[in-house]
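Heads up, the sequence shown is in numbering that gives the first Met the number 0, so the first residue is 0 and it goes up one at a time.
I should point out that these hints are in silico values taken from the structure, not numbers from a laboratory. In this text the structure is predicted, and so the values were computed from the model without any measurement. It cannot be assumed that every hint is accurate.
What the hints assert, rightly or not - Distance windows between CB atoms, simulated: (1) Thr-22 - Leu-192: 16 to 26 Å; (2) Lys-46 - Gln-159: 28 to 38 Å; (3) Glu-28 - Asn-2: 39 to 49 Å.
Ideal placement from N, C-alpha and C gives every residue a C-beta, glycine not left out.
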Amino acid sequence: MDNTYFISDFCHITAEEVSVNGTVILKNETAGFETFLKEVYQAIDLKYSKFFKMDTLSKLTFLGAELLLKKEGSDVENWKETALVFSNKSSSLETDRKHQQSIEDSENFYPSPAVFVYTLPNIGMGEVAIRHQLQTDNAFFVFDEFEPEFLQKYTVSLLQEKKCSQILCGWTEVDGVSRHGFFYVVSQHGTTLHTKQNIKNIYTQS
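Given only the sequences and the hints, what does the whole structure look like? Please build it.
Right, dumping it as structure tokens:
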């Protein structure tokens with residue numbers, strides 16, 4: 000049995016640009032991050048109206064998955080057996096603050112269900128699973144910093160246990176001025192070995 004795994008595709012979404020496999024596909028000339036995400040949505044010709052109701056973290060997660068799973072879509076069966084493993088530092092803190100602001104004033108108490116529903120960091124993963132009809136394992140971890148060693152070991156364990164045929168991993172950080180989405184697909188196909196160092200190297204390319 001061949002237990003060699005590869006990083007088959009990867010992408011970065013930052014406030015400055017979007018790149019796929021090291022090639023910049025869209026630059027942000029003037030827009031704020033929210034507006035830029037909408038530009039990405041339009042640039043990849045996405046038709047999914049629920050996108051506009053999502054919070055920023057979920058939009059970032061959703062677009063990263065769209066860029067890579069769409070690419071993987073030629074092999075539909077393999078694509079539907081994609082597990083999701085995501086992480087970040089700030090959880091859903093930015094949306095949590097918005098929710099807190101809506102409830103802290105007793106005289107102007109108006110919590111928004113549209114905001115509250117996104118006060119968990121894994122909601123974006125749920126949006127991805129619904130969109131791509133995934134019924135595989137998924138997990139969201141909160142770390143002080145990006146943890147390539149943990150992610151490498153965890154994804155290999157899922158693949159070796161036959162929980163999935165490939166894994167979409169992501170670092171989706173949204174808090175204050177920090178905006179960075181890093182996504183990569185791990186499978187038995189590709190040329191870049193799935194090692195801690197290679198994950199770290201690709202992560203730092205942004």
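Here's how the hints hold up against the structure:
{"no.": "1", "hint": "Thr-22 - Leu-192: 16 to 26 Å", "verdict": "holds, 21 Å"}
{"no.": "2", "hint": "Lys-46 - Gln-159: 28 to 38 Å", "verdict": "holds, 37 Å"}
{"no.": "3", "hint": "Glu-28 - Asn-2: 39 to 49 Å", "verdict": "holds, 45 Å"}
Against the hints set out earlier in the document, no violation occurs for any number.
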